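Asks: Sequence:
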Amino acid sequence: MWRNWLRKFFFHKVHNGVTINHQMLTFKNSGSIFSTGKARLGFGNFETSEFFQSLTPSYLKNTGTIELGNEVTISSSFKILNKGTLKIGDQTYINPNSIIRIENGLTIGNHCAISWGVTMMDHDAHEMEGKREARPISIGSHVWIGANATILKGVTIGDGCVVAAGAVVSKSFGPNQLIGGVPARMIKENIEWKK
1 MWRNWLRKFF FHKVHNGVTI NHQMLTFKNS GSIFSTGKAR LGFGNFETSE
51 FFQSLTPSYL KNTGTIELGN EVTISSSFKI LNKGTLKIGD QTYINPNSII
101 RIENGLTIGN HCAISWGVTM MDHDAHEMEG KREARPISIG SHVWIGANAT
151 ILKGVTIGDG CVVAAGAVVS KSFGPNQLIG GVPARMIKEN IEWKK
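If you number the sequence shown the way our numbering does, the last residue is 195 and the count never jumps.
Because the hints were derived from the structure by calculation, they are not lab data.
All values reported here derive from a predicted model rather than from experimental measurement.
For each residue, glycine too, the CB sits at the ideal point set by N, CA and C.
Careful: at least some of the hints might be erroneous.
Taking CB as the label site, the calculated pair distances span [what the hints assert, rightly or not]: (1) G31 with I191: 34 to 40 Å; (2) N148 with T107: 19 to 25 Å; (3) F34 with W193: 18 to 24 Å; (4) A147 with S170: 15 to 21 Å; (5) V182 with R132: 19 to 25 Å; (6) N70 with G154: 15 to 21 Å; (7) G174 with G130: 30 to 36 Å; (8) P183 with N16: 36 to 42 Å; (9) K28 with I191: 20 to 26 Å.
Using 25 Å as the maximum straight-line C-alpha spacing, the simulated DSS-like pairs for lysine-lysine come out as follows [what the hints assert, rightly or not]: (10) K38 with K194; (11) K171 with K153; (12) K61 with K83; (13) K61 with K28; (14) K38 with K79; (15) K153 with K38; (16) K87 with K28; (17) K83 with K195; (18) K171 with K83; (19) K87 with K194; (20) K61 with K153.
Can you build the whole structure from these sequences, using the hints too?
Replies: See below:
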């Protein structure tokens, strides 16, 4: 019993409804981060999360706004650099080694499943021809994004979509589509999947 208390005292911190496992987390927050219910940062959904956590520390730098819905879990080894508005809906989970870099905005709906190594980035990171463009990303509800997929600036993904592993999504797609390839294209329409 005292071990559980000790572990919670030293490794968990509660911040505006968000429980943070800061054992291996760099937490730089000069913005706003809160949950509309209960959310968790730096926790694993699966045993392999502990393996990833031992390899790569998590990093969060927030100078914008992060709003997490109820029962959101962002697993260990994540990297989040947010200067804009990041909103994640209820009962959505993000698996280890995911990277989120936001300057404008990212909205993820309810009941989404985001796999290992997914990258979401709403800007170019560097200037090209004197411009550095940032456009918001919108991901609907009940969307499954496969391992190592990349979602780029200005993309909207409709409700019920499945993004195949390794896909690079650079344009928008409507609801209930299977999306895959580099660059991503619609593979199948009117699909259904279960979490």
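Asks: In ascending order, which of the hints set out earlier in this document are inconsistent with the structure?
Replies: The structure breaks hints 3, 6, 9, 15 and 17; every other hint is satisfied.
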